[in-house]
Every structure is written in structure tokens, then in C-alpha cells.
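Student: Letter by letter, the chains look like this.
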Amino acid sequence: MILRTDFKLTWIYLTGCLVFMLASVAYGQETSDRETHKAQLDAYRQQVAQAAQVFLDTSNTDNERAAAIESYGSFFEENDVAGARRIILNPEESPRIRALALIRIDNILMKDDSLVIHLLRWLEEPETPKELRHTTARVLQGAMFSLLMLNTLHADYLVTLRVLTRDMDMKLREMAFTTLAAKGDNYAQQQLLEGLESSEKALLPPHLSVQLLGLRLNEKIYPVLHDVMLDPPDEATRLETVRLLGGYEPSQARIIRYLKDPNESEQIRRAAMGTLNANDPENFPSHVLPVILEESASDDLRSYGIHAVKQRRMANRFKLLGLPEDEFDKAIRMLERNSESATIRGVAMEYIRKVH
Amino acid sequence: MILLPTLTSNFFQSKNLTRHPLVILVFAILLAVFAGCAVIPTRPTESFPLLEIQVNNTSETIDDYITWAPTYCRIRIINHNQFTSAIDVTLNNMNLDPASPGGKLLFDTVVSQSNPTTTATQTTLNLSLPADGSWANFVIAGQFGSPSLRDKDAVIQVTENRPDSTGITLSRKALMVRIRKNANTLTREERDRFLNALAILNMTFDNYEIYQEIHSIAFGQAHSGPAFLAWHRIYILRLERELQAIDPSVALHYWRFDEAAPNVFHNDFMGGPPISGFADFSLSNPLNTWVIENLSGILRSPQFSPATSPTTLGLIDEAATLNLGGTGSLYANFRSMEGNPHGMAHVSAAGGGWLGSLTTAVRDPIFFMLHGNIDRLWAKWQWTYNRYDPIMVASYSPQGAYSPGNIRMGHYLEDTMWPWNGLTGDPGTPTDPNDDRPSTAPGGPFPQTVSRFLSPPPTPRPFDTLQYESTTLNPSGLGFAYDDVPFK
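Those sequence lines, one after another, are chains A and B. Residue numbering for the first sequence is 1 to 356, as defined by this note's numbering. Residue numbering for the second sequence is 357 to 844, as defined by this note's numbering.
The hints are simulated quantities; they were obtained by calculation from the structure and are not laboratory data. Hints may contain errors.
Partial list, computed: chain B residues near chain A (C-beta under 7 Å) [unchecked claim]:
#, residue
1, Ile556
2, Pro642
3, Leu651
4, Thr668
5, Ile672
6, Asp673
7, Ala675
8, Ser692
9, Glu694
10, Met700
Beta carbons are placed, not taken as given, at the ideal position from N, Cα and C, and that holds for glycine.
With the sequences and hints as input, model every part of the structure.
Tutor: Here is the structure:
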């Protein structure tokens, strides 16, 4: 066919061959990309296996063993996983090595209740070496987050956490309270509330206790936070209570007063703005307007107020169509022309541009 | 046309005007115009073809968004009554400079796409447009590695093929190669569009809060079981589509948690290092006024600095994750990634914050970027080991539909998933806890869209999540792709 004198057909034939070759190369390239990637993963797996052998070899020093697996987060081969498991359970091994082994096989906890039971036990025991204990806490926290959430041992995990709320190790105590409070655990919440009501019973710093109670608010928490807001042990704690009480009716008037008080700290006023925006969005523009007009207030504070209203009105612009400008809009227009602050004039201009 | 300059010259010579500067200038201008006219390709004005190009074979522009997967398109002559013969055209990418950023397209004929594992591969495509105005079909795809940076930056250009090679451009069609990207690499514009859409969703009557409500009671429906990946693929897809209803150029970008992400954990993006436990935002960042469930701000205290990643705390990296499938690369083993890296990412990023618990995690919008990466890892595992066929045990297990045992209802391949199936309470055997569901099913069925009708169906199953890419045999994929996961 190539020898035919018909130039047009020859040209078509050659073009077709070229296209076919290019397509083959493209397809072949795509296939080889996948095969290359698979080969890289296989090579990685082999590297991990080799490193695991060094780690599992107890004749090596701890430093040699740790260095061998430093770059590898997980073991894959069944023998290596089994070897690591033996190390974890071997009290003759150093805490450092046991911790390193644990981190590398944490995904087998899905199928290894026996190992989970061991982990829970030495997590509870203050005599467990700190490094191993902290790694165990972290591994269990990651596994219990969702993978083992329905495991029958999950209830045992919560019991262990409750024990840890009174542990001398503050990091573990804080971790335990955080996990329990986020679940709305009654025991943990009660401990935190009692600690706020009486400082002798406090197991955590009060500002942290308030923050953790804020993870799962309920009716019994609000009155305690209100009292703390009125008579706080320190300013950091008052700040945390203000953040949470914008929707609690007995507290609202006080929070609005904090917002409008030019002598109040900026942090408190800003927290007041945030909680009122979250809990009273309809009236928020009227709450925040005096602060926005207050030329002595910081640009950050005033800008925050304008941005907050802007965001909500931009999102709901269709509801504002055809409506006349309200007092807030008029005030922003006035600020855009007359504010002493260039920053506020700019923020006001952006509000007008985006909302109207 | 040739005579006119000659006559003009004779006239000026007779009037002794030939050396006047103004005359010379006018003459030069006239010459230039006539010379230019001579090379402009023209056709009789009564037969200039007007073309219509459709992406996804619809006239709608809201579905002019493609990925690396093949997308059916078609083109025709609108004013075909003026033509007696077909018009030969070449389709190519208007953005020809390989060095310039932005979306780039590839083309192919429909016939060459008979293999469902291939996508368009040609940089140009020749078509013959029928003179009777009927459609000529073709296929396009985004060129892997060249996603769009903004809406409509990928352009199909249609040029007429003329014997003298002086083809004129007959038509153009702008679209977007919309891809989920590594959030740490976004341009400022991409970042801001994403943030604005997210903030608008947050501020529009409970449109974001519904996601928090769903996830806070999902427990066994979405976790601690085989459907963990499938459930979250649908869950985050729903949010992505709501963001796209606000701004169609937005995709749900991912937080690559095994690498340092200083641009993500920045006060201009998802929040910088915390102040008093709360993520810090710049004043103009829309997330600065985030509100959720009567709370303001975002409670998050990452246990790593923006310059590092949770791998320093034991989170496993991508290579380790992709190897979790073990010998045979089985889904049953791969899904253990729910523990590490998934759980580890949550607790590492949370510190004492919302991300650290199932019931509060979605209050923090970075949840969706975290799960974007979880989904990307699953997609990459699928690509690496060719795990798209849902009826292969290696791709997904358990197969079939629920039967009493150790695995909860909703986790089998053929089970519909809560909440989209609307089922609540204990619909089955009272003594079987594995078929129980929450008492409510917020959010309703999965919303349908014009461009992706029935994909996924209103009550999706794990089955519907595996072949997430559209193919020529299954044109209605889920409509997303990742910047570093090629088409199958």
C-alpha cells in the first residue's frame, strides 16, 4: 500500500499510522505511570520490611533500632507486625522502643482486642513510663475517635479516661477531660462544674474548664457559667464565659453592656460581639452599631462588627431586595464618607459595594 | 482594484502633486489598506457558518465543568440551510502555550472512546460538520496536570480547515477543568473564592449546620465499618455541590495532612496558630465571623506547627497509607486507614478543639478538607490497584446486602445509606442492634442536579461510590477528580 502512487491515500495512511503510534504511546504512558507508582509502593514496602528487621533485632542498640524506622510510619508484613506486638508487650524492652513499636502497628487494634486491653491497663497506671503512656494515649485517642467507636472496649476506654481525670500527669488529665467533655460525658462535666464552683475541687485551670464545658453545653451548665462571668477568678476565665453566654437570656443584657462599654477590654468586647452575632443575629446590627460609630474604639473591633453584618447580609441578599436602607446601612454610608479612620472608611466602602 | 492606484497616480502626476507629503501619506495609507485586504481570508458573507457547541450534550452552561474523565460534547452548524456541503473544522485548545497556567483540554472522537478505561488524548481533532445541521459528536477531557485556575479559562477553539491553510476561527466555547487541589497550593483567587462560598453557606439559613447535625449523630452509620469511605465520599460531595451552587468555579480542595501546610494553617485561609484556643483569622477573612450552633469562632489548637505536619505525632504518610491494603491490596484491609491516618489527623489537628470528637468535628470547616484528603487517598488507592469494579471483593467488601452478623446495616455494598435513605429507628429485628438507625434522618435524600442527574442517586449505596469517574459507558460519574490522581 505504501508503494501506491496515489499521494492522497498514502498521506492518509501515514497520518493514520502516526496517530495510532501517538495514541499507543499515550495509553502506554498512562499504563506505565500506574505500574511505576505501584513499583514505587512495593519498593517502599520492602524498605519498611528491611528497616523492621533492624528494629526487631534486639542485639542492636536502641538508637540503631529507632533510627532504622524513623522514616516509616507503619509496618506491613505479618511477621513484622507480630514482632512489634511482642516488643510492645515486653516489659524488658525500653519504653522508647515499645512506644515506637506501638505507633507502627496501631491499625491492627481494629482486630486485636487483647492488645487494646493491655493498652488501657497501662494507660491507667501512673507507674507506666511516661513516654509509653503518652504514646498509648495518643494511639488510643486516634483509634477510638471512630475506628473503634463501636468496639465493645470503647466503654472501657471511657472508664479509663474517667480515671485519668484525676491523674497527676496534667497532659493526660487534660486529654481525658477534652475527650470526655466532647462526648458530653456527665461525670466529666460534673467534675468541671464542681471545680468552677469551688477552686479546691478544680482539676483543670478554670478558663480551660469553661472552654471544655462549651463543647457540649446544656441547661445545667449555663447558670454556673453565668455566675463565673459575674465573679470570675481571672480575666481569661471571664473571657471564656462571655464567648458562651450570648444565647443565655439572664446573661445577655450584661454582655451587651460589656460590648458597649468603651472602658471594657478589647478582648471582652470582641468576644461579646462574636457571641451576640451567633445568638441574636437579628438584633446584632443594632447592638454593634454604637461600637462601630465609636471613633475611639480600635479599628479591629469596629471592622469586625462591620464584617460580621456584611457577611450575613451578603449571604441573604435576596431577602434585602427592595427593602429600604436601615439605620445600619445609613451609618455605614456616613462612616464611608466621614470616619476619621482610613481603615474604617475602606471597610465601610467594601460593605456598601458588596451588600448594595 | 489594480486599476485604481494607477489611475490615482496619473491624476496626481498631472496636477504636480506627486511630491506633496500629504499626498504621499494618503497614497501610502491607501496602498496599505488594499494590500491588507488582499490577504484577509474572506468568504461570501451569506455563507459564514454559525456554530453551536454543547458540553455534556446540553445547552446549559451550568454543566460546562469537566475533569480528567471523558465528557461527551457535540457541535453543529446552526445556519445549515446556507450550506450544501460539509464544513471541515479543527478543534483545539485556545490556551496553546504549555507554560501558561490554566485549564487545558484534550479531544477525541467518540469511536475511539469505546474502551471505558481511556479518556481523550489528542491536542487537536478534525471534524466534518454535516451540511444538514445534524450534530457531530466528540469527546473532551481536562489534560492531566493542567486544571483550571478560574472559571471558563479552558476554551475550545473551532477553526475552519481551508485548502490554503488560512483557517479562520469560527467559534469558541469556554468551560472549566474543575479539579480538587492540594489546598496548600491554591492561588489567592482560588482560596478566596472557596472561602467566600463557604462563608455564604454558613450564613444562609442552617445550610451548613445541617452537615453538623448529620455527622453528630452518624456514629455507626458512617464510622467504624466498611462504609466509612463510601459514606464520607457522598457526604463531602453534597457540601461541594452546595458550594458550587453558590460559585460553580469552586471545588472541595483537600488538606494534605502528611505534609506541612503553612498556607492552609494561615490566618488568611483556614486559621493561623490559635489564640486562647481559637484559630486566628485576619480581619478580612470571611471565616473570621464563623458561627455554628450558637457559637462563634473556631475552636482548634493543632498539636503541630504550620511548618510541620501530624506525621511528627505518628500520623502515617501517603506511601504507608496506600500500602495498608496488604498482600492483594484488599479493601477489607485498606479501610483500616479510618484509624491512622484518619483518626490521628482529627485528634492532632483538634488539640482541645472541635475536630477531636465525632459529635463536634463538623463545627470546624477544615473537617471537609481533612476528609477531602481521606477521599483522595482512597481514590489514589483505587487508581493504583485498579479497584473501581464494585462487584470485586478486592474493591469493596462486604458484598451484597445486609444480613445479621457483625457488620451494621448500611455498610454492605448494596445497602442504601442513612440519612439519605430517610430510614430511622429500628426498622428490622428488635433484637438485632446492627440494623438500628438514629431517630432522625436530617437533610433528606441526596439532591439531584441538572448536570449530574442520578449521580449519585437520591439514596446512594456504597456501590454508587466506587466508579466515581464518568466513562464513555457510564457518562454520569460523580463529577470530581483530584489533581494528583489520573483518570483510570
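Student: Could you run down the list of hints and mark each one as holding or not?
Tutor: A quick look at each hint next to the structure:
no.	hint	in the structure
1	Ile556	holds (4 Å)
2	Pro642	holds (6 Å)
3	Leu651	holds (6 Å)
4	Thr668	violated (11 Å)
5	Ile672	holds (4 Å)
6	Asp673	holds (6 Å)
7	Ala675	holds (5 Å)
8	Ser692	holds (4 Å)
9	Glu694	holds (4 Å)
10	Met700	holds (4 Å)
Of the numbered hints given earlier, the model fails hint 4 alone.
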